[in-house]
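S.K.: Could you put together the complete structure from these sequences and hints?
Protein chains in written order, with the numbering used here: chain A, 879 to 1187; chain B, 82 to 476.
Mixed in with the good hints, there may be bad ones.
[Unchecked claim] Facing chain B, a subset of chain A residues (Cβ under 10 angstroms, in silico): (1) Arg891; (2) Gly894; (3) Thr1136.
[Claimed, not checked] What follows is a set of in silico ranges between Cβ atoms, one per label pair, in the way DEER data are often shown: (4) B:Lys86 - A:Glu1003: 13 to 23 angstroms; (5) B:Asp311 - A:Glu1003: 20 to 30 angstroms; (6) A:Ala969 - B:Ala325: 26 to 36 angstroms.
These aren't lab readings, by the way, just hints derived from the structure by calculation.
Quick reminder that beta carbons are idealized off the backbone N, C-alpha and C, glycines included.
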Amino acid sequence: MATLKELTHREDRLEGGHRLCAGCGASIAVRQVLLGAGEDPVVVGCATGCLEVSTTIYPYSSWKTPFIHNAFENSAATVSGVEAAFKGLKAAGKIPADKRIKFVAFGGDGGTYDIGLQSLSGAMERGHDMVYVCYDNGAYMNTGIQRSSATPKGAWATTAQVGVAQQGKQQRRKDLTQIMAAHGIPYVAQASISHWKDLTMKAEKAFAVEGPAFMNVFAPCPRGWRIPYDKTVEVAKAAVQTGFWPLYEVEDGVWRQTVKVHNKKPVEEFLRPQGRFKHLFKPENADLLAEIQADVDRAYAAVLARCEG
Amino acid sequence: MATQKTVSTTGNIVVADAMRQCRPDVMAAYPITPQTTIVEEFAAYVAQGRVHTEYITVESEHSAMSACIGASAAGARVMTATSSQGLALMWEELHIASGMRLPIIMANANRALSAPINIHCDHSDAMGARDAGWVMLFAETAQEAYDNTIMATRIGENPDVLLPVMSCLDGFITTHSIDRIDVLDDDTVAGFVGEYVPQNALLDIDQPVTHGAFSGLGGPFFEFKRAQRDAIERSREVIKSVAAEYSELSGRPFGAIETWGMEDAEVAIVVIGSTAGNTRHVARQLRAQGVKAGVVKVRVFRPFPYAELAATLSGVKAVAVMDRAESFGAEGGPLFLEVRSALYDAETRVPIVGYIYGLGGSDVRLDLIERVYADLSDIAAGTAQPGGLVYLGAR
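M.R.: And the structure:
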């Protein structure tokens, strides 16, 4: 893969000046993913969400590359249409047969795990030559921190509140990366903005494979997680180090842990800095905290077992 | 006139054939009764190598229209087909397609909307989408469905229009009945529709553009909508000129409305789709008995031909509007509301009655149409007054 020095010379396809919050994980994810496309032109699709509204406020656009937003639940289907047009126009002789263009769709966890899951599943099954990237910040942040199926158990959200009857979200998060691995597509990866080298390497692989690729990128949201805007990368790193967010890839069905975790830390180190989990540290919630730790341990072991097996 | 071949087949098959002849770059479609044989036929063309089209077999109609939008924005000529629940599932995307000014061509096999579930013809699917900003054409016959598909391509892609076009044909009645149809040869159609020249194509990598930008913070959203209104208004003239050109090729005239017996009609029925045939048949029989009966068939529903309707209906003594769709809680069906509105500026107030008929494929017998004309004759003679909405033939 390209060295850091080489990467610094690549053009940023998402320009500064957009209206995303300071410390937003989404823009870090996008810029690092797009570096992985190398010199090939890229068409970007994006689901409705923070990334889309903050980068395309008419008549301005932060995208130095062709960009399309259609709606919330269909960035995968939309980009599948763009990719199909590329093939159809080549077949019609309107685009030279040797022309190379990459296609990538972005969506947040709301637009991917929840409302866009069907569209994503369909596009991946159909084998379009495209990359789908979920930037996972674990809630509907654009509309004000409502819970999604990616919201961790125990997290506060505006639709999973904390009170005497309930301690935040009551359900476990969905494991989307494994769902996508089960599609049997050429490349699936779980990455984090805290590990730029791992992320960019995965993006390079995702863009390089012929056919569909899926990446789930951990991308903290300071507003929604109730963390200072300069702690985005630190908290993302803690998710990896605690085993909450293992970094791995599934290449043609072969599972590999790409960043080993030595001395896995207690999940508390990921949870405690975040205001959305502060109720978990009340003495009366000790059992819930222990349950969350057990869940993380079990899920982490399961991923590790597939990587080793 | 171009040479034509007479074939004996169904509406769906000639719609698929017309699509093939228009040479779409992308088709994205999901099967649904009674549209299915369109997408099956097109899949056969793909398998036989008869089209260059990239055919996306999507997992839902929502994704069908989403993929069409992506492909059209990319710069491709794009087509699809749907029906009923499928059109309803696309609803959000219908508005986005027109708002993004993408000339997607879609056949719609008119079918009732659930519940109760029903696979047969009515117009509630298309009428539910009447405010989505699409140009909407309706066919009476398989021949018209064929012709409309070809004209739709030219209308939607016209730079003065750039709007998606929905070409409707009646489920089963027109989609599945075998009919006699004259088809143009491939080269003639290819020459007529020409190449699609997209504007601001996504795949024009050297001129990167942003499609689907956010216009919610004091941006010109309102002005975009007015531009859409201007475009669909301009389509009136475009439809006329495309129809004139197509008529020279095919020998088949096309008007936003088509009339029968309206020169001296005293009683008239306004109708859409396949029922126009039976209506003309009854009107012809009544003429033989001395009743001055007329028929107005609406072939373009959007943009609505209000001026043409007002002109043709102005001298009539009583008008019936037959709606194969409901607009629950309104004074009548969607066509009734439009026609009555079109007559508001008429110098004399023409009595007008709304009939709901044929929902969910309920039979449209000749005696029902005779009853409508009989009602109109009573009103015209002054022996009856227009009452409220009539559910024609409901048990």
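S.K.: Please go over all the hints and tell whether each is borne out by the structure.
M.R.: To see whether the hints hold, each was checked on the structure:
no. : hint                                     : verdict
1   : Arg891                                   : 9 angstroms, holds
2   : Gly894                                   : 16 angstroms, violated
3   : Thr1136                                  : 31 angstroms, violated
4   : B:Lys86 - A:Glu1003: 13 to 23 angstroms  : 40 angstroms, violated
5   : B:Asp311 - A:Glu1003: 20 to 30 angstroms : 41 angstroms, violated
6   : A:Ala969 - B:Ala325: 26 to 36 angstroms  : 33 angstroms, holds
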